[in-house]
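Chemist: Go by the hints and put chain D onto chain X.
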Amino acid sequence: MKRLGAEVLKCVSAVVLVCVSAAVAQGQPAPDLRAHRLLLDGGVVWSGSYAIGDSTAQLRGNAAGPSPPPFTLFSSSSEVGSVTSVVARVGFTLTPRLVLEGGAAFGTPRVPVAMSRDPEASPQQLAGEQLKQYLFDAAVVWHLPMRWGVRVRPFVIGGVGYLRQLHEERTLAETGQVYYGGLGVRHWRRGGSGVARAFGLRGDVRANVRLGGIDFDDKNRVFPTLSVHLFVSL
Amino acid sequence: MRQVIGRFVAILLVAGASSSVDAYLKLGTPVDGRVVDVTWRAPVRYFVSDADAGSASANDLLGAVSRASATWQAVPSATVRFEFQGITASVPGMVDGRTTLGFQDRPELDRVLGATSFLIDTTDGAIVEADVFFNSRFAWSVSAAGTPGRVDLESVALHELGHLLGLSHSALGETELTGTGGRRVIASGSVMFPIAMAAGTIADRVLQTDDIAGISDLYPAADQLTTTGGIAGRVTKNGQGLLGAHVVAFNPETGAVVANFALNANGEFAIARLEPGPYILRAEPLDDAEVDSFFSSAIDVDFRVAYASRMVVAPRGGASAPIEIKVIAK
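These protein sequence lines are chains X and D, in that order.
Under my numbering, think of the first position of the first sequence as 1, with each following residue one higher.
Under my numbering, think of the first position of the second sequence as 1, with each following residue one higher.
Bound-form chain X, shown alone (with noise of 0.2 Å):
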C-alpha cells in the first residue's frame, strides 16, 4: 500500500501540474463541448503495478498426526508490473458537459516473479512473461462547471471495464472487470467554446479496482492510471 500510495501521488502531482499549466492560459470565454457530437480520443495510459499474490509451494511433513506442519519448498511472490499502452476511445456529448464515451487499450505488462524461501536458493527475482492485456470500458465523464484559465475545464469520470490477459504462449486467457473512478482536465488547442469541430489534449488520473484476472489470491487489486489523449469532436 505505501508503494501504491506514492505511485497515486505521482500521478495526482502530473494531473495538478497539467492544470496548473493550463490555469495560466488566456482569460476569453469558458471552454465548452457541443452537444450531440461525436468525440474521439487517441493516446497512452500509464498503469501503475499491483500485487497479484504470495504463495507457497510445501511438501508434507515427516511428524505424527494426520495432519502435520508442512515444509517450506520456496515462496513466490508476483505482481503485474505497470505499463503504458495505448488507448483510443469514442464519445457521445450528451450535453455540453455530459459525455458516455468507450474505448479500448492494449499494454503489455510484465509479471515478475519474486523467489524466496528456498533452502537451497538465494532469493531472486524472476523476470517474469510479458501478459498481452486488454482493456474494455464504458464511461461516464461529466465536466465541472468551474474552469481554469479558457481553455481547460476539469472533469470527473466514472466507468466500468472488461478486462482479459492472455498469458505469454496465448493459451491462456484470464478475465475480470475494472471499476474506476477519476478527475481530469480537457485543455482545447482549438475552439473551446461549443466550436464543432475542436481538438486538444486531455489528462486524467483515476483509481481503479480490479476483480478477477490473473491472481493468486482472488483478490480484489487497486492501482492507479494516469492518461493523456488527444481529443477530436467532430
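Worth flagging that the hints you see were computed from the coordinates, not collected in a lab.
Given the structure is predicted, the values throughout are model-derived calculations rather than measurements.
Simulated restraints on C-beta separations:
1) X:Ser116 / D:Gly54: 46 to 54 Å
2) D:Asp52 / X:Pro119: 41 to 49 Å
3) D:Ala144 / X:Pro69: 19 to 27 Å
4) X:Leu211 / D:Gly33: 49 to 57 Å
5) D:Val36 / X:Gln124: 38 to 46 Å
6) X:Gln124 / D:Thr254: 18 to 26 Å
Ideal placement from N, C-alpha and C gives every residue a C-beta, glycine not left out.
Modeler: Frame of chain X, contents of chain D only:
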C-alpha cells in the same frame, strides 16, 4: 500372438535407508524401439496371502490393502479398478499367474518395508502379474490413529499399490543424512517417495497432487486429455542438455506441486496431467538419495537450483511451448 514375459527388478520402499528420489516417474519397457508405459489392461485382480506377521494378521493386511486400493480407485481423474479374489496360501514372488500381496519374513532386507515385483508382456507393456510383499520383521500398525513406534500398514500398502499400478518412485521430498548412513525424511510431496515417513505417522494414507497426476497419466479418465495440460522443456548447463535434472512445477494459484526428471541426454522433460494454469518451474539436482536408484547411467548433479525465467502455462488439452531452464555449476 507370441507372448514374451520378462521380470522386473523389484521396487522397494525403504525405512530410513539410503535410497533415491524422482518425481512421478512411470514404469516403462521398450517395445519396438520405444518405451511404453507398463500398465494393467484389465481390473487388478489380487489375492492376499494367509500368512500373518508378528504384529499384524493377514486380515489386518487385507483391511489395509482394501482401504489403500479404495484410495487409488477414488481418484476421479483416473480409471483404476481393483478386484479382491480371496485369501490364498500362495506367497508373493511366485510366478503363478496370480497377483498376491502378503507378509513375508525377509531378514536380509533389514531396511525394506515392502517391495513390488512384476511380470509383464514385453510385446506391449501389459502387466500380467505383480506381487507385493510386506516385511514381517517390522512392527506394523493398523490403528486408525497410528501407533507410536510402528509403521502404518495402510500407508505402505498405498505406496506399494502405486507401484503395482505402474508408478515408479517420486523425487518430491527432502531428506537428511543420519548418523548411521541412512536418510531421514524431512518432508515429502508424494506417497510414492521412496523413503517412508517416521514410524507412527499416518499422513501418507492420503495421495498428493504428484501421485494423482501420475496415476491420471497412466490411467486417464475419459476427459483427462482435454481438461488437463502439460509442460515441456529442457534443462541445460553450459548449453548442453542435462539428463537427470529434477524439475518441480508449482501452481501458485492452487499450491499444487508436481515434478518429473529430464529423462534424456538433451535434458528434455515433460510433466503431464496438470491442472491448466501458470506454473513456476524449479530445476534441482538429484541430491536427496542415491542416483543409481533411478538412473542406470551417471547423471550430473553438480549444479545449483535454478528457476525458469518466467511462469509457464499448462494449456487445457495441450502442452506448453518448450521452455529452457539454464543451470550453472555449484
